[in-house]
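All chains, full assembly: derive it from the sequences and hints.
Protein chains: 2
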Amino acid sequence: MALKLFELVGSDASRPFSPYCWRTRMALAHKGLSADSIPWRFTEKSAIAPHGSEKVPVMLDGDKAVIDSWAIANYLEDSYPERPSLFGGEGGRAMARFINGWGDITIVGGIFPFIIADIPNNLAAEDAAYFRRSREARFGKPLEQVAAGRDQAVMGFRKSLEPLRQTLKTQPFIGGEQPNYADYIVFGGFQWARVVSPFRLLEEADLIFAWREKLFDAFDGMARQSPGFPA
Amino acid sequence: MALKLFELVGSDASRPFSPYCWRTRMALAHKGLSADSIPWRFTEKSAIAPHGSEKVPVMLDGDKAVIDSWAIANYLEDSYPERPSLFGGEGGRAMARFINGWGDITIVGGIFPFIIADIPNNLAAEDAAYFRRSREARFGKPLEQVAAGRDQAVMGFRKSLEPLRQTLKTQPFIGGEQPNYADYIVFGGFQWARVVSPFRLLEEADLIFAWREKLFDAFDGMARQSPGFPA
Chain A
-9 MALKLFELVG SDASRPFSPY CWRTRMALAH KGLSADSIPW RFTEKSAIAP
41 HGSEKVPVML DGDKAVIDSW AIANYLEDSY PERPSLFGGE GGRAMARFIN
91 GWGDITIVGG IFPFIIADIP NNLAAEDAAY FRRSREARFG KPLEQVAAGR
141 DQAVMGFRKS LEPLRQTLKT QPFIGGEQPN YADYIVFGGF QWARVVSPFR
191 LLEEADLIFA WREKLFDAFD GMARQSPGFP A
Chain B
-9 MALKLFELVG SDASRPFSPY CWRTRMALAH KGLSADSIPW RFTEKSAIAP
41 HGSEKVPVML DGDKAVIDSW AIANYLEDSY PERPSLFGGE GGRAMARFIN
91 GWGDITIVGG IFPFIIADIP NNLAAEDAAY FRRSREARFG KPLEQVAAGR
141 DQAVMGFRKS LEPLRQTLKT QPFIGGEQPN YADYIVFGGF QWARVVSPFR
191 LLEEADLIFA WREKLFDAFD GMARQSPGFP A
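Chains as they are written, first to last, in the numbering used here: chain A, -9 to 221; chain B, -9 to 221.
Since the hints were made in silico from the structure, they are not lab data. Treat each hint with caution, since some may be false.
Some chain A residues close to chain B (C-beta under 8 Å, calculated; not the full set) [as the list claims (entries may be wrong)]:
no.: 1; residue: Ser1
no.: 2; residue: Ala86
no.: 3; residue: Gly91
no.: 4; residue: Pro153
no.: 5; residue: Thr160
no.: 6; residue: Ser216
no.: 7; residue: Pro217
Each pair of labels, with its calculated beta carbon distance range [stated by the list, open to error]:
no.: 8; chain 1: A; residue 1: Glu126; chain 2: B; residue 2: Glu193; range: 23 to 33 Å
no.: 9; chain 1: A; residue 1: Ser69; chain 2: B; residue 2: Phe219; range: 46 to 56 Å
no.: 10; chain 1: A; residue 1: Lys159; chain 2: B; residue 2: Ser36; range: 21 to 31 Å
no.: 11; chain 1: A; residue 1: Lys131; chain 2: B; residue 2: Glu194; range: 51 to 61 Å
no.: 12; chain 1: B; residue 1: Arg73; chain 2: A; residue 2: Glu34; range: 45 to 55 Å
no.: 13; chain 1: B; residue 1: Gln168; chain 2: A; residue 2: Lys35; range: 35 to 45 Å
no.: 14; chain 1: B; residue 1: Glu167; chain 2: A; residue 2: Lys131; range: 57 to 67 Å
no.: 15; chain 1: A; residue 1: Lys159; chain 2: B; residue 2: Ser43; range: 27 to 37 Å
no.: 16; chain 1: B; residue 1: Ser36; chain 2: A; residue 2: Asp210; range: 37 to 47 Å
no.: 17; chain 1: A; residue 1: Asp207; chain 2: B; residue 2: Phe129; range: 34 to 44 Å
no.: 18; chain 1: B; residue 1: Arg128; chain 2: A; residue 2: Gln161; range: 50 to 60 Å
no.: 19; chain 1: A; residue 1: Ala55; chain 2: B; residue 2: Pro74; range: 30 to 40 Å
Even for Gly, the Cβ is constructed at its ideal location relative to N, Cα and C.
What follows is the structure in structure tokens.
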């Protein structure tokens, strides 16, 4: 029974862009698994509601629905213990929960204002209108105002990555010698940005730039081959 | 052969306060080990220079000196593999490196301005003068100016702890069901603050407050029994 994965897309169904869906895509590849992609758009709430979720990723394994990228990673680790580990043991699983929080807040939350005004360009009209309306309500201003000043603000973002930079001074990946789910948590946000926005998040001399390059290239260049802007 | 540990103290030799030394103290207790404490003061560089370090902790295991809290944790994990693990496997060891960076920057770096002006009160005259001179040079202003406005600034610090708060919503410790070195990395900073300063870092309703209480109580209340201010 093939796995199926609801993935957020815009007007181009072959261009998934959610940072959380990318965490799952990388996790599946790490396990040597593939899933049939079910393109899903912001306004298609009814397609996933029967599975008990309002957001993607939602993964279907036969009759079972697994919702939320963190739950999916754990499900894959537990269901395929003989395949390469996503966490490298129970200590790694527990600490990855912390890195998941850091990824949600510092990476996804940090990048969002920079790329928010570019996202509607990737969406069909109905989804673009939904996105603009809901996100402008959340931020309390037009998307273009949220993104204004990003050339300055990105310097604070780069500084906020210092714990990652420190880590990469002594080991090639957050997971150690090889990447694991800790890396995919963080990378998902960078891939999201690359797919939807030309905005330059990192400087080439940054250790994090080189780390990101390796993840673009991982699994036969899976992330790099997905359509997007040069990062 | 007993382990020996150089620990930073001030005028009271029974009151170690370095956040890094507290990481090591907790790690030793986790392994069920003890070390003979060698009180060390800021101006006693010559006592540790022969061991190749300018900073503490420095741990001596017979003729071997291990310097830096991270290296000591790894040394303990590798030297005592049959005792409770500090990392919970190789994935945890790798991810703890990232948490070490986060702990250095967000916790130690975040707390330092709040307690910096209280630290000289804990030091003998010569050390207090050294501390003030070197730290005022680093910050470019008097310690009291660094600490000014901390009642407002602490709110930003509390917000910066959000990845930890998110983690504690779904598990009791960063290490999972039980604390491990990931917790001690972060806790070391809070214990440092408690030993030297009455400044209130956390609100009682914060999940992180409850987590910290459990670590004050760990190992028969080792951290709580060390002299300090009410936290």
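Now for the hints, and whether the structure bears them out:
1. Taking 8 Å as the C-beta cut-off, the interface hint given for Ser1 of chain A is violated, the closest approach to chain B being about 33 Å.
2. This hint holds: Ala86 of chain A has a C-beta 6 Å from the nearest C-beta of chain B, less than the 8 Å allowed.
3. Because the beta carbon of Gly91 of chain A sits about 4 Å from the nearest beta carbon in chain B, less than 8 Å, this interface hint is met.
4. At about 4 Å, the closest approach between the beta carbon of Pro153 of chain A and any beta carbon in chain B falls short of 8 Å, and the interface hint on this residue holds.
5. The criterion of a C-beta within 8 Å of any C-beta in chain B is met by Thr160 of chain A, whose closest approach is roughly 6 Å, and the hint holds.
6. Checking Ser216 of chain A against chain B by beta carbon gives a least distance of about 26 Å; that is not within 8 Å, so the hint is violated.
7. Because the closest C-beta pair between Pro217 of chain A and chain B is about 30 Å apart, greater than 8 Å, the hint is violated.
8. At about 32 Å, the beta-carbon gap between Glu126 of chain A and Glu193 of chain B stays in the expected band of 23 to 33 Å.
9. The supplied range of 46 to 56 Å is met by Ser69 of chain A and Phe219 of chain B, whose beta-carbon atoms lie about 49 Å from each other.
10. A hinted range of 21 to 31 Å holds for the C-beta pair Lys159 of chain A and Ser36 of chain B, which are about 29 Å apart.
11. One distance hint, 51 to 61 Å for the beta-carbon pair Lys131 of chain A and Glu194 of chain B, is violated here, with the actual separation near 35 Å.
12. The hint said 45 to 55 Å for the Cβ distance between Arg73 of chain B and Glu34 of chain A, and at roughly 53 Å that hint holds.
13. Our hint of 35 to 45 Å for Gln168 of chain B and Lys35 of chain A holds, since their Cβ atoms are close to 40 Å apart.
14. For the pair Glu167 of chain B and Lys131 of chain A, the beta carbons lie near 43 Å from each other, so the given range of 57 to 67 Å is not met.
15. The hinted range of 27 to 37 Å is not satisfied by Lys159 of chain A and Ser43 of chain B, whose Cβ atoms lie roughly 19 Å apart.
16. The hinted range of 37 to 47 Å is not satisfied by Ser36 of chain B and Asp210 of chain A, whose Cβ atoms lie roughly 57 Å apart.
17. With their beta carbons about 42 Å apart, Asp207 of chain A and Phe129 of chain B fall inside the hinted range of 34 to 44 Å.
18. As the Cβ distance of Arg128 of chain B to Gln161 of chain A is approximately 28 Å, the hint placing it in 50 to 60 Å is violated.
19. At roughly 38 Å, the beta carbons of Ala55 of chain A and Pro74 of chain B sit within the given window of 30 to 40 Å.
The structure is inconsistent with the numbered hints 1, 6, 7, 11, 14, 15, 16, 18, although it conforms to all the rest.
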